[in-house]
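S.K.: If you want the building blocks of each chain, they are given just below.
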Amino acid sequence: MEISFICNGRKRMAAISGETRALDLLREDLNLTGTKEGCGKGECGACTILLDGKPVSSCLLPAAKLDGRNVLTIEGLKGDGGKLHPIQQAFLDSGAVQCGFCTPGMILSTKALLDNNPAPSVSEVEVALSGNICRCTGYGKIVEAVLLAAERLQVKI
Amino acid sequence: MEYYKPKTAGEAVSLKTDSRMYIAGGTDLGVLLSEFMVQPEALIDLTGIDELCGVFKVDEGVAIGACTGISLIAESELLPACLVEGAKAIGSPQIRNMATIGGNICNASPCGDTLTPLVVLEAVFIIEGDSGERRVKIEDFFIGPKRTCMSPEEILKIIIIPSRSPDQKSGFRMIGKRNGQAISQVNAAVSAVITGGIIKDIRIAAGSVAPVPLRLKKTEDVVRGKALGSNFLERMKDTAEQEVSPISDVRAAEEYRRKVAGSLLESIFRAMRKEAV
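Keeping their order, the protein sequence lines are chains A and B.
Residue 70 in numbering that gives the first Met the number 0 sits at position 71 of the first sequence, and the numbers go up by one each step.
Residue 97 in numbering that gives the first Met the number 0 sits at position 98 of the second sequence, and the numbers go up by one each step.
Keep in mind the hints are simulated off the structure, nothing from the lab.
C-beta atoms are modelled at their ideal positions from N, C-alpha and C, and glycine is treated no differently.
One or more hints might be untrue.
Said to hold, decoys possible - Subject to a maximum C-alpha distance of 20 Å in a straight line, what follows is the list of computed DMTMM-like cross-link-like pairs (lysine to aspartate or glutamate):
#: 1; chain 1: B; residue 1: Lys216; chain 2: B; residue 2: Glu233
#: 2; chain 1: A; residue 1: Lys140; chain 2: A; residue 2: Glu150
#: 3; chain 1: B; residue 1: Lys56; chain 2: B; residue 2: Glu40
#: 4; chain 1: B; residue 1: Lys87; chain 2: A; residue 2: Glu125
#: 5; chain 1: B; residue 1: Lys87; chain 2: A; residue 2: Glu42
#: 6; chain 1: B; residue 1: Lys4; chain 2: A; residue 2: Glu18
#: 7; chain 1: B; residue 1: Lys225; chain 2: B; residue 2: Glu265
#: 8; chain 1: A; residue 1: Lys10; chain 2: A; residue 2: Glu27
#: 9; chain 1: B; residue 1: Lys87; chain 2: A; residue 2: Glu150
#: 10; chain 1: B; residue 1: Lys176; chain 2: A; residue 2: Asp23
#: 11; chain 1: A; residue 1: Lys53; chain 2: B; residue 2: Glu74
#: 12; chain 1: B; residue 1: Lys199; chain 2: B; residue 2: Asp166
#: 13; chain 1: B; residue 1: Lys176; chain 2: A; residue 2: Glu27
#: 14; chain 1: B; residue 1: Lys56; chain 2: B; residue 2: Glu76
#: 15; chain 1: B; residue 1: Lys4; chain 2: A; residue 2: Glu1
#: 16; chain 1: B; residue 1: Lys6; chain 2: B; residue 2: Glu152
#: 17; chain 1: B; residue 1: Lys6; chain 2: B; residue 2: Glu50
#: 18; chain 1: A; residue 1: Lys40; chain 2: B; residue 2: Glu76
#: 19; chain 1: B; residue 1: Lys225; chain 2: B; residue 2: Glu152
#: 20; chain 1: B; residue 1: Lys6; chain 2: A; residue 2: Asp66
#: 21; chain 1: B; residue 1: Lys6; chain 2: A; residue 2: Glu1
#: 22; chain 1: A; residue 1: Lys82; chain 2: A; residue 2: Asp66
#: 23; chain 1: A; residue 1: Lys10; chain 2: A; residue 2: Asp28
#: 24; chain 1: A; residue 1: Lys77; chain 2: A; residue 2: Asp66
#: 25; chain 1: B; residue 1: Lys4; chain 2: A; residue 2: Glu150
Stated by the list, open to error - Covered by chain A, according to a simulated footprint, are these stretches of chain B (three or more residues, beta-carbon under 8 Å):
#: 26; region: 94-105
#: 27; region: 191-203
Claimed, not checked - Take a look, some chain A residues computed to stay more than 12 Å from chain B by CB distance:
#: 28; residue: Gly52
#: 29; residue: Leu91
#: 30; residue: Cys135
With the sequences and hints as input, model every part of the structure.
M.R.: Here it is as structure tokens:
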């Protein structure tokens with residue numbers, strides 16, 4: 000079947016089969032390899048993308064469900080003039096990245112949180128990131144990074 | 000594999016054959032598909048059917064379209080507290096943004112976190128199939144782990160939550176290995192009508208303690224008619240521990256599940272007491 004959707008601000012068309020996962024369409028056909036496959040069962044969050052602004056697990060999502068929708072992957076998250084997005088910069092500045100495999104998913108879950116709640120509490124950050132597993136950092140620095148990003152984004156406004 | 004997106008429930012039913020499967024949010028089915036545990040010739044996506052989406056007031060109470068997302072249930076102001084809390088307990092933000100309440104019901108896992116609340120709310124299901132529409136009470140719906148009374152071509156369309164007394168309170172608790180992304184080792188829900196401090200009407204259920212979400216009628220008998228602040232918690236816990244019939248499995252041991260079922264109920268009643276003060 001043919002689908003068309005907006006991906007990172009650009010209109011995309013694709014010919015897919017019913018069993019094609021959104022994750023495979025993004026990685027294999029569109030070469031957007033920032034979206035990672037971890038568990039493949041919707042548990043780890045490495046494959047998180049934003050669908051109409053909301054985080055979803057692209058490993059469980061049939062590509063057919065992208066039709067007519069708006070997708071944001073980590074490649075679409077850009078700051079002013081090609082710089083890093085403030086969330087990305089806050090993750091670097093806080094030392095919230097070690098191996099980096101979970102980072103795209105963490106950052107997109109953070110984006111969805113801060114778009115809706117610009118000044119979250121620690122427990123709100125923890126709930127928002129509860130579907131993103133990190134095996135390196137122990138989460139403390141990731142929570143710090145989200146709070147730092149929130150602060151910087153608010154100052155900007 | 001083909002992928003159909005019908006616009007009405009009738010169209011979906013007419014597309015269904017033995018080799019085609021319905022899909023809603025896909026959070027359970029996606030795992031089975033990727034591991035080739037099911038290999039349908041086609042998927043029939045129910046989430047584009049307008050009549051299956053949304054939460055709205057009706058004469059009988061509140062109606063929930065079966066394809067309403069778990070995230071929407073978790074934010075709804077029309078729905079009782081126990082169902083909202085049950086929805087919040089499911090999976091992660093990612094899963095809640097994809098999953099539907101109808102999927103949680105039709106998957107019929109004994110540990111489904113919206114099922115125990117729906118049991119104490121005495122939900123009624125409207126189902127459509129080849130021979131038209133029928134209504135099924137939740138107590139007749141689940142017939143075993145992952146098994147329901149629905150025939151393969153039937154679709155769950157609407158969940159009716161019957162009208163409540165203004166004095167009705169409800170609560171939900173679950174316990175898992177962690178807060179996010181955890182399958183319930185045990186969950187429990189209570190719906191009570193409390194008038195002048197007396198528990199007039201009571202419905203209690205527990206999940207992941209039997210082949211189906213279990214209504215605990217003997218435990219209800221212990222609580223009914225008691226003053227909310229009176230000393231019934233120990234007897235209630237003992238009765239609940241006896242009334243559940245859990246198994247030991249990879250997630251928890253039988254004895255643990257019995258104890259925790261009682262403790263979760265105690266926790267719900269203690270919160271109701273606090274709220275009443």
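S.K.: Hint by hint, where does the structure go against what was stated? Just the numbers, ascending.
M.R.: Hint check: 3, 9, 10, 13, 18, 19, 22, 24, 25, 27, 28 fail, others pass.
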